[in-house]
Each structure stands twice: as C-alpha cells, then as structure tokens.
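Asker: Each chain, written out:
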Amino acid sequence: MKILAEISESLGISWNALRANKMRSVLATLGIVIGVLTVTLMGAAINGLNQAFIKNVSALGADVFYVSRFKWFNNTYEDWVSMRKRPKITLAESDALSQQLAFADAVAPTADNEDSVKYKNRSASSVDIVGTTEAYLQTSGVDVAQGRFLTAADARGGQPTCVIGNDVATNLFRADPPLGERIKIEDQSFLVVGVLGKQGTMFGYSLDNRVVIPLRQYIGLVERNPGIDIQVKVGGLARLDEAQEELRQVMRRIRHLRPNQPDNFSINQQDEIVKWFHSQTATIAVIGLFVTSLALFVGGIGIMNIMFVSVVERTREIGVRKAIGAKRRNILLQFLIESAGICLLGGLIGLGIAWLVSLAVSEWLFPASLSIAIVAMSLFVSLLTGVISGFLPAWRAARMDPVEALRSE
Amino acid sequence: MSLIHLQNISRRYQMGAETVHALRDVSLEIQRGEYVAIMGPSGSGKSTLMNLIGCLDTPSAGHYGLNGVSISEMDDNQLAEIRNREIGFVFQTFNLLARSNALHNVELPLIYAGVSAEERRHLALEALAQVGLTDRIHHKPNELSGGQRQRVAVARALVNKPSLLLADEPTGNLDSRTGAEIMALFNDLSRKGNTIIVVTHEEDIAKHARRIIRLRDGLVASDEKQVEGRDSKVEGNPNPTLDPRPSTLDRP
Numbered sequence: 001m002k003i004l005a006e007i008s009e010s011l012g013i014s015w016n017a018l019r020a021n022k023m024r025s026v027l028a029t030l031g032i033v034i035g036v037l038t039v040t041l042m043g044a045a046i047n048g049l050n051q052a053f054i055k056n057v058s059a060l061g062a063d064v065f066y067v068s069r070f071k072w073f074n075n076t077y078e079d080w081v082s083m084r085k086r087p088k089i090t091l092a093e094s095d096a097l098s099q100q101l102a103f104a105d106a107v108a109p110t111a112d113n114e115d116s117v118k119y120k121n122r123s124a125s126s127v128d129i130v131g132t133t134e135a136y137l138q139t140s141g142v143d144v145a146q147g148r149f150l151t152a153a154d155a156r157g158g159q160p161t162c163v164i165g166n167d168v169a170t171n172l173f174r175a176d177p178p179l180g181e182r183i184k185i186e187d188q189s190f191l192v193v194g195v196l197g198k199q200g201t202m203f204g205y206s207l208d209n210r211v212v213i214p215l216r217q218y219i220g221l222v223e224r225n226p227g228i229d230i231q232v233k234v235g236g237l238a239r240l241d242e243a244q245e246e247l248r249q250v251m252r253r254i255r256h257l258r259p260n261q262p263d264n265f266s267i268n269q270q271d272e273i274v275k276w277f278h279s280q281t282a283t284i285a286v287i288g289l290f291v292t293s294l295a296l297f298v299g300g301i302g303i304m305n306i307m308f309v310s311v312v313e314r315t316r317e318i319g320v321r322k323a324i325g326a327k328r329r330n331i332l333l334q335f336l337i338e339s340a341g342i343c344l345l346g347g348l349i350g351l352g353i354a355w356l357v358s359l360a361v362s363e364w365l366f367p368a369s370l371s372i373a374i375v376a377m378s379l380f381v382s383l384l385t386g387v388i389s390g391f392l393p394a395w396r397a398a399r400m401d402p403v404e405a406l407r408s409e
Numbered sequence: 001m002s003l004i005h006l007q008n009i010s011r012r013y014q015m016g017a018e019t020v021h022a023l024r025d026v027s028l029e030i031q032r033g034e035y036v037a038i039m040g041p042s043g044s045g046k047s048t049l050m051n052l053i054g055c056l057d058t059p060s061a062g063h064y065g066l067n068g069v070s071i072s073e074m075d076d077n078q079l080a081e082i083r084n085r086e087i088g089f090v091f092q093t094f095n096l097l098a099r100s101n102a103l104h105n106v107e108l109p110l111i112y113a114g115v116s117a118e119e120r121r122h123l124a125l126e127a128l129a130q131v132g133l134t135d136r137i138h139h140k141p142n143e144l145s146g147g148q149r150q151r152v153a154v155a156r157a158l159v160n161k162p163s164l165l166l167a168d169e170p171t172g173n174l175d176s177r178t179g180a181e182i183m184a185l186f187n188d189l190s191r192k193g194n195t196i197i198v199v200t201h202e203e204d205i206a207k208h209a210r211r212i213i214r215l216r217d218g219l220v221a222s223d224e225k226q227v228e229g230r231d232s233k234v235e236g237n238p239n240p241t242l243d244p245r246p247s248t249l250d251r252p
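Line by line, the protein sequences give chains A and B. Counting in the working numbering, the first sequence runs from 1 upward without gaps. Counting in the working numbering, the second sequence runs from 1 upward without gaps.
The set of hints was computed from the structure by calculation and includes no laboratory data. The reader is advised that the hints may include incorrect statements.
Unchecked claim - Below, a list of computed lysine-lysine pairs in the DSS-like style, where the Cα atoms sit at most 30 Å apart:
id, chain 1, residue 1, chain 2, residue 2
1, A, 55, A, 327
2, B, 225, B, 161
3, A, 327, B, 140
4, B, 207, A, 22
5, B, 225, B, 207
6, B, 161, B, 140
7, A, 275, A, 55
8, B, 161, A, 327
9, A, 327, A, 71
What the hints assert, rightly or not - Per the computed footprint, the stretches of chain B lying under chain A, defined by three or more beta-carbons under 8 Å from a beta-carbon of chain A, are:
id, stretch
10, 51-64
11, 76-82
12, 171-181
Stated by the list, open to error - Heads up, incomplete: computed chain B residues facing chain A, CB under 8 Å, no partners named:
id, residue
13, 89
14, 99
15, 101
16, 103
All C-beta atoms in this analysis are idealised placements derived from N, C-alpha and C, irrespective of residue type, glycine included.
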C-alpha cells in the first residue's frame, strides 16, 4: 500500500517534471529512443532472418540425409583439400544405394549446374538445372503448383520432360501458360509438364530459378561426368541415428572400403545447416547488440546528466520533502522512478518506431520481426538503463542535508 | 513532562579552518500548548535553534528530548520519521510543490506516513477546512494569493496532527495585512491547544506569542512571558482583516 502510494507519487512528480521542461525532456528521451530503437531493430533483424531461414530450411525436411562428396560445414582448409581427393559419387553408386537401403522411403540422386534456358526467342541465363529422378519430389520438399512432377518413366529416359521453377515460369513464359510448351537446354528440347510452387530464397539465392530434368538426360547434356549428391529420405524421425549408421555402412560396402579406411564420402543433414546458421547469427547478434547498445549507453549518459540537473534544480523541493518526513529511501526512490520512467517512456517510443520500421523493412528489404522476447528485452533494458543512470543523481539527492537543501535558492 | 527539553545544547559549524559557535550551551523547556516566539538578529543562532528543535539538525553537544523521545543521537531516517510525526513546518517562502494542487500539497506528509489514499484525502480536507480553504483545494500554488499559499502550508503542517507547529518567519513574504491574517490563524490554532513556535525578527509578529525567547550570539538573552491581554483584542476578533492594531490600520 505504502510503496504503491510512493510509486504513484513519484510517477506523478516525474510526469509533471517532464511536462515542465518539455524541450529538455524530449532531448533526453531522444537518446533513449534512439538507443532502444537500434537495439530493437538489431534484434528484430536477427529474429526475422532466423525465422525466414528456419522456414526455408524446414522445407528440406529433417529426415533427409544428403550423401555427398563434401562435408557441408566445419571444414578446415586441410579437410577441404583431402575431400577434393575423394571420388565423385556416380549414378551407379546411387542406384546400388537405392536397391540396398532397407529403411529408405525415397532415394533421389541429384546433380545440378547453371546453364541457360531458351523458350522461343527468349532466353534465361544462369538457371539452376537439376538432374534427378521422380523420387526428388519426396526428398526435396518441393511441391507442384501446376501439372505434374517427373514420373518414373520420364526418369528412365523416355521423352525429355522438365518441371520448371516459379521464377523461370514468370521470366521465360511471362503471361503464356507454360504447360505443354517446349524449352531448350543446350539444344535439347524439353516438354514442360509441371511448374513448382514458390520456394523463396536461401542464403540470398532464389530456389525458384531452376529447371528439373531427368538425371539421365542431364548427364552428357549439362555435365559429362557430374558428381552426384544422393538425397535419402528416412521414413519418420525416429531412429534417425541408426538410419544414418546403416546408410554409412551400405555406402562403404558399395565403395568397397576396408575397415581401416576412412569414409570417402559425407552424410549431411539439414540440422547442420541450422546449427551453422545459428552460430553465424549468434555471432552477428553479439557484435550487433554490443555496437547498438553503445547508442543506448550514450542515451543513458544523457539521462544521468539530466537527472543531475533535475536534482540540483529541485534541491529546495528535496529539502521540503525531507522536512515533512521523506526518508532517504523515499527521495532515492522518487528520482530512480523518475529516471526509470523517462527511460521506459523512451523505450516505448523507441519500440513503437522500431515496430513501424521493421514492418517497412520486412516489406521491402529483408525479413525482420519483433517477438515478445525482443519487446520484453527492450523494455527491460530501457528500465535498467534508467535505474543505472538515475542511481548516482538519486543517491546524491537522497543524501542531501535538509537544512542545506532548504537554504538553497 | 515538557514537550521540548533542551539541555546544554551547543551547535558548532566548521567553516574552513574556523569553528563557528552558532549555539552555546542553551537550555530551554517548552510545555505542551505554549505559544512561543524565538527572536534575535541574524547570526544570533535562531535559525540553528529552529533547525534543532525541528529535528532537521542534531546538536554538537547537549541533550534534546522531544515528547519524551531523545533526539540528539538519531540518524537521518529516524529524524525524518520524527519530523513526519511530531512537527509541522511553516516556511517563510511557503515551500509548496509548484506543480501540485493544494489538496495534494497537504496530502504529502501523509504519503510519507503511509496513510491510505482515502484517509489521506479525508485528513487533508479536514486540515484545509481548518485554515478556511475548502473552496480552493484544486488550485495550484500559482493560482493562489500569498496568504492562501501560506494557509495551504499551514494545513500541510497540521495534517498529521503534529505535537509542534514550527513557523520560520511565516509572514516574511506577505504584506502586513495578509501577515496579520496568518497570525490570526496561528492565534486561533494556539487557542485550540496547538503548541506553536514562531521564529521571527519582527516585534509585531512576536507580540502574538505568550512567551518570547530572545537569542544573542548563540545564547538565550531573555526569556519572558507576555502579559495576557496584550493580544486579547486580536484573539477576540473573528475577522482578522479588521484587526484594529495600529500596524495594520496604517496600511488599509
């Protein structure tokens, strides 16, 4: 009861003080507004990137292994040099894997390279040409928006067919309906049987700028001797570790590796990307928050300054309050609440602006979004800034001698 | 038992290398219900004495008992509590909170006393009624006349029903007519049983009191009871603006 009355008394006083010195208050609060704004935006940007990334990556499926020549992450230069000496994975090895794996739902050999694609007199360069089989539909997480995906018959080498990504459909065909039309890759014509649903971007690359063709046509046409990545989808997430071990043993058998020889292939997983990405964003977050919190620190110094001025200006008021019974604690609390209140107000304004900016940024630049955690953190940080920067001035006020304070003009 | 018991009180200040003896071995007794004026030229130690009696300061030597409680050894927070409970201050410059209305100004001591909001309002209204300001409770100090401001200050001093009303030059910032009004208010409060100490250098103001303590060079120079009846004309007058004393008559 008593503490509530004190807090409401202090809030009233600080509100009055703020109103009485409008310009000064605005300037002092501005420092906090900018500080909170930068910190919050930094958090929102990282949060947004993480969310967008997780959304992208989750399309890959957590239960898909990628058998590749290279390990995706955590490579030293030496690792990389030694991995370059590994043999490429061949289509024959992929076929053998497909036959021998007991647990796999789908096994899709894939190879991809950039090439140009022509439609009538239009041409698109640097399109990602993916050679694969019908199993790719299950392993890669793509969906078909129009028409159909490659069939087993297509994959075995019937009529040359292709499924095109969303960007290719809009760039090359514009308003024309693409289904049933023919596009040309390296002078080989392909019948468009389907259009993939929109996938978005990953690491800044569009996942929609691609054309999926049968691997048997890809080999020789796009690349003579491609290194093949094998996507293996496990039925369900349980027993993922066992599945990985079995996959490794089958692959070693296919490659006739002796027990003392190391693997000359790598088994990669989506969660490695996630881990890698999080480690990257965590670093960015630490550095970014440190830099942006400098702005908040400067804002805090501004508040401390203004609180010192406020204490000096109100020396007489402090004297009166002490004379009528305010204890040190009351005076300390009054100024702490005032400074915390200013900072919280600045924090709220900063948050409001950050919210608007993050809306605009994610509309036009890159994904950014405020989470409850970020909002809570910003408010907590601004409150903390207020308490820390208000403490010295408040302490000085609390320790004033009432006789001296009453004598001041 | 006396309300105020000062025994061999000294107060020294260190001003650089020099030691200033503001009070030297002062002993005083003030009884409950007394109306006392403390007088003296500047530098006589009357402000120091007021600060000590008001528990704003502690003596360098000697013993001070207020209402049976020993004050001399108290720390800051204990003094604050005593001030809140036992003493009502009235200052020369009113010292109201400029941005708060009269009601809130009067409520302030009760906030520090931890009184509930409802009770605060009730007591503050009661105190404002006592000084005749019921119709001005929502006015801020700058919307009130000097006399009204001092009435608010008196109400604030009275609101927690202190043992002692301590006024420091209460009419110093008022014209003589309004000053007389305030003094009439004090006389009234005294008659109702409040213990009042007025610190002043004006004889006219001091004459309202029943007892005048004069200080000089940190010592009590004289301590005399006023003759009853000197004030009776003023006390008996229900309308202080018609105070017939010459000092107010020559300035209508």
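Asker: Indicate, hint by hint, whether the structure satisfies it.
Answerer: Status of the hints after comparison with the structure:
As the CA atoms of residue 55 of chain A and residue 327 of chain A are separated by approximately 56 Å, the hinted pair breaks the 30 Å bound. Only pairs whose Cα atoms come within 30 Å are accepted, and residue 225 of chain B paired with residue 161 of chain B is accepted, the gap being roughly 26 Å. Between the alpha carbons of residue 327 of chain A and residue 140 of chain B the distance comes to roughly 25 Å, so the proposed pair stays at or under 30 Å and holds. Only pairs whose Cα atoms come within 30 Å are accepted, and residue 207 of chain B paired with residue 22 of chain A is rejected, the gap being roughly 48 Å.
Between residue 225 of chain B and residue 207 of chain B, the direct Cα distance comes to roughly 10 Å. Compliance with the 30 Å bound is thereby established for this hinted pair. Of the supplied pair hints, the one linking residue 161 of chain B and residue 140 of chain B holds, its CA atoms being roughly 23 Å apart against a limit of 30 Å. With a C-alpha separation of about 14 Å, the suggested pairing of residue 275 of chain A with residue 55 of chain A holds against the 30 Å cut-off. Proposed proximity of residue 161 of chain B and residue 327 of chain A is supported: the alpha carbons are some 19 Å apart, at most 30 Å.
This hinted pair does not check out: residue 327 of chain A and residue 71 of chain A have alpha carbons roughly 68 Å apart, beyond 30 Å. A stretch counts as covered by a chain when three or more of its residues have a beta carbon under 8 Å from one of that chain; for the stretch 51-64 of chain B and chain A the count is 4, and the coverage holds. Proximity of the stretch 76-82 of chain B to chain A, defined as three or more residues with a beta carbon under 8 Å from a beta carbon of that chain, is established by the 4 residues found. Chain A is given as covering the stretch 171-181 of chain B, and this is violated because 0 residues of the stretch bring a CB closer than 8 Å to a CB of that chain, at least three being needed.
At a threshold of 8 Å, the smallest CB-CB gap from residue 89 of chain B to chain A is about 5 Å, leaving the interface hint in force. With 8 Å as the threshold, the beta carbon of residue 99 of chain B comes within range of chain A, its nearest partner Cβ sitting at about 4 Å, so the hint holds. Interface hint at residue 101 of chain B: violated, since its Cβ lies 11 Å from the closest Cβ of chain A, which is beyond the 8 Å cut-off. Taking 8 Å as the C-beta contact cut-off toward chain A, the hint placing residue 103 of chain B at the interface is violated, the least distance being around 13 Å.
Hints 1, 4, 9, 12, 15, 16, counting from the list given before, are not met by this structure.
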